[in-house]
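Just so we're aligned, residue 1 is where the sequence shown starts under our numbering, counting upward by one.
Think of the hints as simulated: they come from the structure by calculation, not from any bench.
Careful: at least some of the hints might be erroneous.
Claimed, not checked - In silico DSBU-like cross-links for lysine-lysine, where the CA-CA straight-line distance does not exceed 30 angstroms:
1) K149 - K91
2) K235 - K443
3) K418 - K26
4) K127 - K169
5) K418 - K443
As the list claims (entries may be wrong) - Ranges of calculated distance between the beta carbons of each label pair, as one might list FRET restraints:
6) K92 - D302: 47 to 53 angstroms
7) R345 - V321: 35 to 41 angstroms
8) G374 - K314: 40 to 46 angstroms
9) S323 - R403: 52 to 58 angstroms
10) G374 - N315: 39 to 45 angstroms
11) D170 - P325: 28 to 34 angstroms
Think of the CB as a built atom: it goes at the ideal place given N, C-alpha and C, for glycine as much as any other residue.
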Amino acid sequence: MLFQWRVSSYTRLLIRFRFKKVCAMKYYADLHIHSHYSRATSKDLDLEHLNLWAQLKGINVVGTGDFVHPKWLAELEEKLEPAEEGFYKLKKEFIQKTQAHVPDSCKAEVRFVLTVEISNIYKRHEKVRKVHNLIWVPDFKTAKHIQLKLAAIGNIKSDGRPILGLDSKDLLEIALESHPMSLFVPAHIWTPWFSALGSKGGFNSMEEAFGDLKDHIYAVETGLSSDPLMNWRLKQLDNYLLVSNSDAHSAPKLGREANLFDTDFSYRGIYNALRNPADKGLAATIEFFPEEGKYHYDGHRDCKTRMHPKETIKNNGLCPVCSKPVTVGVMARVEELADRPETERPARSRPYKNIIPLQEIIAEAKGAGVNSKGVQQMYQQMLASIGNEFYILMDAPIEEIRRNAGEVMAESVSRMRKGDVSIESGYDGEFGVIKIYADHERKAVEGQLALF
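Build out the structure end to end from the sequences listed, making use of the hints.
Set out below in structure tokens:
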């Protein structure tokens, strides 16, 4: 299900300059990220760097993540100011700290939405459940209300994504009563260990997880290891829109998944797009190639054992090396619960596009690490000469890429758009390895790319 769209010059101008009124438009939003107060995140995961990287990526609206953490909420209040309804923007004095690193070709205004992920660990039906859930709210008053409620339940200071002994259904109830437009989205619903439908700590249906409140959920997040095509296999998900977000633990990871909205540029616009799916306000999603996700296949990381679900069944769910149970991945779990063939598509489905982050494309072509000097230089050169990353990956004419970055990069982006890639699937917490070029092409490719 590949597609392309073009963001018009008029839309770009609307994004770049301050809005005088709310208007319908297309814009990208990444609404599941974290802050530097979450565990295992970059120390530079602050508003200044999020504002910087959103522009480099071409993302117009970014979630703040972690709003229940007291220090992060205080930082948000200090650095943000109101913009369009329910949107916030970084104050000028903080923008200037990183703005010099944004090429003119990428400069745009960025908006923020107050968001948080909660780790719910609790016992239901004699089984320990581990489910991650997202809450999005339209204002600081609502964020503080939720913060106060959760502070009375558990420790919200030790981790930006707090771990609470709170049933997911009870968290949903707190979100619903906090504000009429609070949004509750089950996160990465297939991740084995921490999700609503995960093989290890989840349930077999949304109704089991959320009971009679399930109809107050309007969208679910697919996660990096699944894409919409996989989720369409379950009729029980037909009533939900599928959203995609990066779950970024560092600012450069923004936009590895995202959403394309075509609606009013406001929090209300996002709310209405999810609440009223018939209006098509959620136009499309941007997706990882799911095989690259770190829980796509089954496997056992300690033994470096990657297993197709058929192999898992053949081995009775055990690792062939150590005979311990393997982690059952997303592909197998979807197949277990699926009740629809791959050829059918539900009425609420949206188009989607699989992408590879531009730095990964360059690194793969160069045969070098993503953070190597050569890769970073070419990345910056392409942004400066062509435009932001989303434009390069999905909209820029191949000839424009060829003219500014050479034949290899033009061919690389072209192959990605066609899905002409090979992937060693991720498993048990290990990301998959994606390749655009076969081994026999490597020497010629690296030689050509060395010229740029």
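A quick look at each hint next to the structure:
| no. | hint | result |
| --- | --- | --- |
| 1 | K149 - K91 | holds, 29 angstroms |
| 2 | K235 - K443 | violated, 47 angstroms |
| 3 | K418 - K26 | holds, 23 angstroms |
| 4 | K127 - K169 | holds, 15 angstroms |
| 5 | K418 - K443 | holds, 23 angstroms |
| 6 | K92 - D302: 47 to 53 angstroms | holds, 50 angstroms |
| 7 | R345 - V321: 35 to 41 angstroms | holds, 40 angstroms |
| 8 | G374 - K314: 40 to 46 angstroms | holds, 44 angstroms |
| 9 | S323 - R403: 52 to 58 angstroms | holds, 57 angstroms |
| 10 | G374 - N315: 39 to 45 angstroms | holds, 42 angstroms |
| 11 | D170 - P325: 28 to 34 angstroms | holds, 31 angstroms |
In the structure shown, a violation is registered for the earlier hint numbered 2 alone.
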